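Trainee: Here is how the chains run, residue by residue.
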Amino acid sequence: MEPILKLRNLKVVFPTNYGVIRAVESVDLDIGDRECVALVGESGCGKSVTSQSVMRLIESPPALTQVDAIEFNGRDIKDYTPKQMQELRGKEMSMIFQDAMTSLNPVMTVGNQIDEMYMRHQGDSKKEAREKTVKALELIGLPEPRTRANSFPHQLSGGMRQRVLLAMAFACMPKLIIADEPTTALDVTIQAQVLKTLRGMQRGCGTSLLLVTHDLSVVASIADTVYVMYSGKIVEKAPVKDLFNSPQHPYTVGLMAAVPRLTDKKKTFTQIPGTVPHPARKPSGCYFHPRCEYATDKCRKEMPPLMGQGGGREVRCYYPLTAGGNM
Amino acid sequence: MKYTYVIKRILYSLFVFAVVITLNFFIPRIGVDDPAERYYPPQGNMSEIEYEIIKQVTRQQYGFHVSTGQQYMNYLKGLFQGDLGTSFRPGSPAVIDLILERLPWTLVLSVSTMLIGVTIGILFGVLAAVKRGRWQDTMLLNASTIMVALPAFFIALILSFYLGFELEIFPAYTDSTMVSGFTWTWEGIRRVAQNAALPVLSMVVGSIISYAQGTRNAVIAVTNEDFVLTARAKGLKQSTIRYKHILRNSMLPIVTSLGMSISGLIGGQVVIEQVFNWNGMGTLFLEANNSNDYPLMMGIMLLLSGFTIFAILVTDLVYVLLDPRVTVGDKR
Ligand SMILES: Nc1ncnc2c1ncn2[C@@H]1O[C@H](COP(=O)(O)OP(=O)(O)OP(=O)(O)O)[C@@H](O)[C@H]1O
Ligand SMILES: [Mg+2]
Numbered sequence: 142m143e144p145i146l147k148l149r150n151l152k153v154v155f156p157t158n159y160g161v162i163r164a165v166e167s168v169d170l171d172i173g174d175r176e177c178v179a180l181v182g183e184s185g186c187g188k189s190v191t192s193q194s195v196m197r198l199i200e201s202p203p204a205l206t207q208v209d210a211i212e213f214n215g216r217d218i219k220d221y222t223p224k225q226m227q228e229l230r231g232k233e234m235s236m237i238f239q240d241a242m243t244s245l246n247p248v249m250t251v252g253n254q255i256d257e258m259y260m261r262h263q264g265d266s267k268k269e270a271r272e273k274t275v276k277a278l279e280l281i282g283l284p285e286p287r288t289r290a291n292s293f294p295h296q297l298s299g300g301m302r303q304r305v306l307l308a309m310a311f312a313c314m315p316k317l318i319i320a321d322e323p324t325t326a327l328d329v330t331i332q333a334q335v336l337k338t339l340r341g342m343q344r345g346c347g348t349s350l351l352l353v354t355h356d357l358s359v360v361a362s363i364a365d366t367v368y369v370m371y372s373g374k375i376v377e378k379a380p381v382k383d384l385f386n387s388p389q390h391p392y393t394v395g396l397m398a399a400v401p402r403l404t405d406k407k408k409t410f411t412q413i414p415g416t417v418p419h420p421a422r423k424p425s426g427c428y429f430h431p432r433c434e435y436a437t438d439k440c441r442k443e444m445p446p447l448m449g450q451g452g453g454r455e456v457r458c459y460y461p462l463t464a465g466g467n468m
Numbered sequence: 010m011k012y013t014y015v016i017k018r019i020l021y022s023l024f025v026f027a028v029v030i031t032l033n034f035f036i037p038r039i040g041v042d043d044p045a046e047r048y049y050p051p052q053g054n055m056s057e058i059e060y061e062i063i064k065q066v067t068r069q070q071y072g073f074h075v076s077t078g079q080q081y082m083n084y085l086k087g088l089f090q091g092d093l094g095t096s097f098r099p100g101s102p103a104v105i106d107l108i109l110e111r112l113p114w115t116l117v118l119s120v121s122t123m124l125i126g127v128t129i130g131i132l133f134g135v136l137a138a139v140k141r142g143r144w145q146d147t148m149l150l151n152a153s154t155i156m157v158a159l160p161a162f163f164i165a166l167i168l169s170f171y172l173g174f175e176l177e178i179f180p181a182y183t184d185s186t187m188v189s190g191f192t193w194t195w196e197g198i199r200r201v202a203q204n205a206a207l208p209v210l211s212m213v214v215g216s217i218i219s220y221a222q223g224t225r226n227a228v229i230a231v232t233n234e235d236f237v238l239t240a241r242a243k244g245l246k247q248s249t250i251r252y253k254h255i256l257r258n259s260m261l262p263i264v265t266s267l268g269m270s271i272s273g274l275i276g277g278q279v280v281i282e283q284v285f286n287w288n289g290m291g292t293l294f295l296e297a298n299n300s301n302d303y304p305l306m307m308g309i310m311l312l313l314s315g316f317t318i319f320a321i322l323v324t325d326l327v328y329v330l331l332d333p334r335v336t337v338g339d340k341r
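So the sequences go chain by chain: L and E. My numbering puts the first residue of the first sequence at 142, with every later residue one more than the last. My numbering puts the first residue of the second sequence at 10, with every later residue one more than the last.
Just so you know, the hints here were simulated from the structure itself, not pulled from any lab data. Nothing here was measured: the structure is a model prediction, and the numbers come from that model. Some hints could be false.
[Unchecked claim] Subject to a maximum C-alpha distance of 27 angstroms in a straight line, what follows is the list of computed DSSO-like cross-link-like pairs (lysine-lysine):
1) L:K219 x L:K152
2) E:K253 x L:K224
3) E:K246 x L:K273
4) E:K246 x L:K224
5) E:K246 x L:K268
6) E:K253 x L:K273
7) L:K268 x E:K253
8) E:K253 x L:K276
9) E:K253 x L:K267
10) L:K439 x L:K152
11) L:K273 x L:K232
12) L:K382 x L:K147
13) L:K268 x L:K152
14) E:K86 x E:K64
15) L:K152 x L:K224
16) E:K253 x L:K232
17) L:K224 x E:K140
18) L:K276 x E:K246
19) E:K17 x E:K86
20) L:K267 x E:K11
21) L:K273 x L:K337
22) L:K232 x L:K276
23) L:K268 x L:K337
24) E:K140 x L:K219
25) L:K224 x L:K267
[Unchecked claim] Covered, in the sense of this in silico footprint (three residues per stretch, anywhere, with C-beta under 8 angstroms from a C-beta of chain E), are these stretches of chain L:
26) 224-237
27) 417-423
Idealized CB from N, CA, C, for every residue including glycine.
With the hints as extra help, turn the sequences into a complete structure.
Mentor: In structure tokens:
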């Protein structure tokens, strides 16, 4: 697969009053053409910061961002000027956010907000843009798109608002779409519909997708490759089937055990003991060691590197688990 | 939906105004059997009979000789014809005439202060928000801190002393012929401007700073909202984001504070008018108060409350234009 995005050694630091927060530490990320990559992890592990850094949306200052390369569609955009970035954003890579209610401007009609995309990136007149907007809304499955385009965000249902965000993100047929928890704010039935639409659009438009989520059932249903993040670092990377069949990092195992399964007769699910370390006070060695039942002295002292396991798998653990159990 | 809301707001304002009118009618009648006693309190050196005669005359003159219900009807009828009653002043001038004579002079000060304050304040506030944390912003922060400790009348005294008495740049004291000798000529207008300079200057500094601070905070609050990140992710130009997305939303709280200050346009500068001997509404009210001129006080109160209700109504209606969410009742 021809890669669309190659992110190398991304580091993002937030200086705050209560210490320096290393939100993202040396993250590498590869997204292939038309691939759907999922980024999963508990709240606060740095998923949003990573995904926004790809579009260079994290404002530095106040943040300090360092990156070796952001290779996008064959060009390194890490040194692009703000103007160049503006041209790129929305047109070649775009973003879908979690809460469509707050992510849409409350005093502008949704139609006008989508029109902006065509007017900005395709040089359309207001009228041409509106025609395209109506088509886009229709494609995304919004009933009565022409009248709905004149609605304000608060006049639409949650599912419809999220569809508006989808239509906006796909407006200019970008190469890459980053969806940051696109369905978390919706109830389960609507979630499934919106995900289906997202997947359908992604396939239809030939777009690559970076899906940020902490919902493993979403990952299982649409991702090709999964990156698991913990406390600012990637701890495991694997094709989706392999990850679900044989998770190798104890944290991944814990994450999966924490998902209640309907097929599970006992209907119990276990929690990973302990909590995520405070981002300004991370432990020594492997960040996961205080919560890991297999931790040894080595784990407490040294951060394990990300180690290739073959078959496109990588894991940051000295004692990766195999299908049979811990070695 | 929008129109029903607008009509509802207008009806509601009328209702509140009706309540205010009624209160205004009853306040002088509360706690006394005879409103004539309120209007003409007994004085020490007066015999019973003398006082009875005086009260008799007062009742006749102010229409207290009919039943309270009838008085109320007469009062309402008068209001509809623009009659706010008669003042106690010699010659029994109509309250409405006294007010109309002073109102323009107060508006000269308050409206110019507000216009200057709003325009410069908003511009400066936006600048401070854009240059957040840099010297422009720090300057505003320091200025607002200082302003907290400097009331307008204090500035007024200082300006009056230095620019008025010492340097004689502007009149320290309003020239009493400014009003009586006013004509609609350049010369007349120039004289008003000259006399208004110091009073306006002493109020405008605080006005600019408070609008600037309010605008800055509103703009920064909106800048941190999710939809601004969306706008950036869409690749919109900085200027589009700023004017189409941020400023429009920041205007909402600013309109509210604007509405508040509109209601202060008439009665908000009693002290400044005193310092500069400016013959406006504030001075009129003090005069009425000092001479126990009940009808005049009530007339001014009615005007002030009516104007406040009007200002709030206008604010709400402007909000309807700016914020589509208002009509469903989930105003932020
Ligand atoms: N502007 C900021 N200033 C200071 N710290 C920040 C800022 N933005 C993010 N952080 C910190 O960076 C860390 C990672 O945040 P991020 O939003 O990426 O987490 P996340 O994985 O997306 O979590 P969630 O699932 O809750 O969205 C958090 O500890 C957060 O407190
Ligand atoms: Mg997040």
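Trainee: Does the alpha-carbon distance linking K246 (chain E) and K224 (chain L) stay inside the 27 angstroms limit?
Mentor: holds, 8 angstroms
Trainee: Just to be careful, I want the Cα atoms of K232 (chain L) and K276 (chain L) compared with a cutoff of 27 angstroms; is the pair within it?
Mentor: Status holds; Cα separation ~18 angstroms.
Trainee: CA of K246 (chain E) to CA of K268 (chain L), is that 27 angstroms or under?
Mentor: Holds. K246 (chain E) to K268 (chain L) sits at ~20 angstroms (cutoff 27 angstroms).
Trainee: In terms of beta carbon proximity below 8 angstroms, does the region 224-237 of chain L have 3 or more residues touching chain E?
Mentor: It holds: at least three residues are needed, and the region 224-237 of chain L offers 9 whose Cβ sits within less than 8 angstroms of chain E.
Trainee: Straight-line Cα separation of K140 (chain E) and K219 (chain L) no greater than 27 angstroms?
Mentor: holds, 25 angstroms
Trainee: Sort out whether K152 (chain L) lies within 27 angstroms of K268 (chain L), counting only the CA atoms.
Mentor: violated, 43 angstroms
Trainee: Are the Cα positions of K273 (chain L) and K232 (chain L) separated by 27 angstroms at most?
Mentor: Within the cut-off at roughly 15 angstroms; holds.
Trainee: When you check the alpha-carbon spacing of K382 (chain L) and K147 (chain L), does it fall within 27 angstroms?
Mentor: holds, 22 angstroms
Trainee: Are the Cα positions of K273 (chain L) and K337 (chain L) separated by 27 angstroms at most?
Mentor: Holds, at roughly 22 angstroms.
Trainee: CA of K246 (chain E) to CA of K273 (chain L), is that 27 angstroms or under?
Mentor: Cα-Cα ~21 angstroms, so holds.
Trainee: Take a quick look at whether K219 (chain L) and K152 (chain L) sit within 27 angstroms of each other, Cα to Cα.
Mentor: holds, 13 angstroms
Trainee: Please count how many residues of the region 417-423 of chain L have a CB within 8 angstroms of a CB from chain E and say whether that reaches 3.
Mentor: Violated - the region 417-423 of chain L has 0 residues with a Cβ nearer than 8 angstroms to chain E, which falls short of three.
Of the numbered hints given earlier, the model fails hints 13, 23 and 27; all others are met.
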